[in-house]
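Trainee: Residues per chain, in single letters:
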Amino acid sequence: MSGATGGTAPHTAPRHRVVITGLGVVTSIGTGVDAFADGLRAGRSGAKPIGAFDTTGFAYSNACEITDFDPEEWLRDMAADELGRAAQFAVAGSRMAVADAGLTEDDVRARRTLVSVGTTDGESRDLDHLIGLQVTEGEDRLDATVARRVWPGRLSAGIVRELGLEDVETVTVPTACAAGNYAVGSGYDAISSGDVEMALCGGADALCRKTFTGFYRLGTIAPDVCRPFDADRQGILTGEGAGILLMESLESALGRGARIYAEVLGYGLSCDASHPVAPDRDSIARCITAAHRNAGIEASDVDFISAHGTGTKANDVTEVGAIRQVFGDELPRTVSIKSMIGHTMGAASALAAAACSLALREGFIPPTINHRTTDPECAVDCVPNEAVEARLRVVQNNGLAFGGNNAVLMLGHWDENATETLPADATAAA
Amino acid sequence: MTTQIADLSTERKAEIKEIVCDILELELDEVTDISLFKEEHDADSLRTIEILASMERNFGLVLEQAELSRMVNLAGVYAVVAEAEGK
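These protein sequences, in sequence, are chains A and B.
Per the numbering used here: the first sequence ends with 430, consecutive numbering throughout.
Per the numbering used here: the second sequence ends with 1087, consecutive numbering throughout.
It is possible that some hints are incorrect.
[Unchecked claim] Chain A regions said to be covered by chain B (calculated; three or more residues, Cβ under 8 Å):
#1 215-221
#2 266-279
[As the list claims (entries may be wrong)] Cut-off 30 Å, straight-line C-alpha distance, at most; resulting in silico cross-link-like pairs (DSSO-like, lysine-lysine):
#3 A/K48 with B/K1017
#4 A/K210 with A/K313
#5 B/K1038 with A/K48
#6 B/K1087 with A/K313
#7 A/K313 with B/K1013
[Claimed, not checked] Cβ pair distances, simulated, as ranges:
#8 A/D140 with B/R1070: 37 to 47 Å
#9 B/D1022 with A/A99: 17 to 27 Å
#10 B/I1034 with A/A144: 27 to 37 Å
#11 A/D329 with B/D1044: 30 to 40 Å
The set of hints was computed from the structure by calculation and includes no laboratory data.
Cβ atoms here follow ideal geometry from the backbone N, Cα and C, with glycine treated the same way.
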């Protein structure tokens, strides 16, 4: 956390700087880092009528569903039916991240690693199926293969099994819609403290009837598309996918000449538990401040915020209120990629972290699409409808979850030209 | 509203009260027509949504989410259900 001040020796061993060198993404606007980056730049929309389950009885039923995912393309060791859809996404994302980092699975296997995957629903899609069977066929007709894969631990354990990792800590983080940031934060801690050399961290979730119905019943599903920060916003579209980040220490990345997307500067958490679903402005503000402190930056350093930005009435007003509480009147541009890929639940902040990494590396800010008129109650420059080019230094990625589980991640630009003149004490805390 | 709203039958009111008490985990005699779910019975907004959903399911109605703001006590629920049944 905080380093020693003015010449005083640090209390602990020097911490390692942490960088992101590989991205694996499965989304409704593109699978694989190139397709995802193109989709973000183009402001593509993943919205479509739901095909994953029967939507009879719902007045409207769009979601950002992935319709072109084939698990067989990614699974080499495990049979596809050993994993639920969320775990399949997570494993596919991990394979992509490893390859994108210029590594092989043997390279990863040779290092001490952490695999940490966040989720909201785990394999609730399988639970939907099993309960459907119970209702229509009777108690004793459960599908054993499906029942075996419901355990949410398989989201991370599936990655470990598929990559054949042995010297590894395996964690599934169930902190709902902020879980991706929690997982990336845990990777940051594990690498910076020297516990592990490499980490595969992120989040995964699959579209399921239970969650769609729950949000629908709360009155928070948009009838057509998701319009964050818009005066006429009507809610979320549920989404699905996985975002997995391959993270390693700066020394490791420089040592192997890896391409660096971004540096993880730090993160903040707040758990207020004040209400099951309503966000708490003060708690979000505390979380943002904690993230800035942990990253050693000031609010004025932030070049853009990737908001939680669900597009519900409550979230956008409360979130922008919290940002205002910390930033004052000068708000950085604040965008929501949920306008494009929907609310991917436990994958949301991980996919947003991947988007921020691409933005930092390539120098652009993804747009908030479907935008017409900004709501004065949550007035931000949301980069409406079209991406903009921008030189970025520091980016903030918000993840806010039910139950008051908040996690804010800070990412920084990595200047390749600076690597030659890296100071000898570069491993000291930033 | 110019529509004439028929008052609910005693039986229908009793049915509604029973459902509401079941959701709020209260005895029938703890709730009056005007006692407030949130302020007096410690109900959060999710319970109110559950009440709305139960009205739809039990009586075959479709209720606007906006009606939640009126469903603050039994009298409010009676009124919303009566209006919906009158349509």
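Trainee: Each of the hints needs a verdict: does it hold here or not?
Mentor: Hints, one by one, checked against the model:
no., hint, in the structure
1, 215-221, "holds (count 3)"
2, 266-279, "holds (count 4)"
3, A/K48 with B/K1017, "violated, 41 Å"
4, A/K210 with A/K313, "holds, 22 Å"
5, B/K1038 with A/K48, "violated, 38 Å"
6, B/K1087 with A/K313, "holds, 29 Å"
7, A/K313 with B/K1013, "violated, 33 Å"
8, A/D140 with B/R1070: 37 to 47 Å, "holds, 46 Å"
9, B/D1022 with A/A99: 17 to 27 Å, "violated, 55 Å"
10, B/I1034 with A/A144: 27 to 37 Å, "violated, 54 Å"
11, A/D329 with B/D1044: 30 to 40 Å, "holds, 34 Å"
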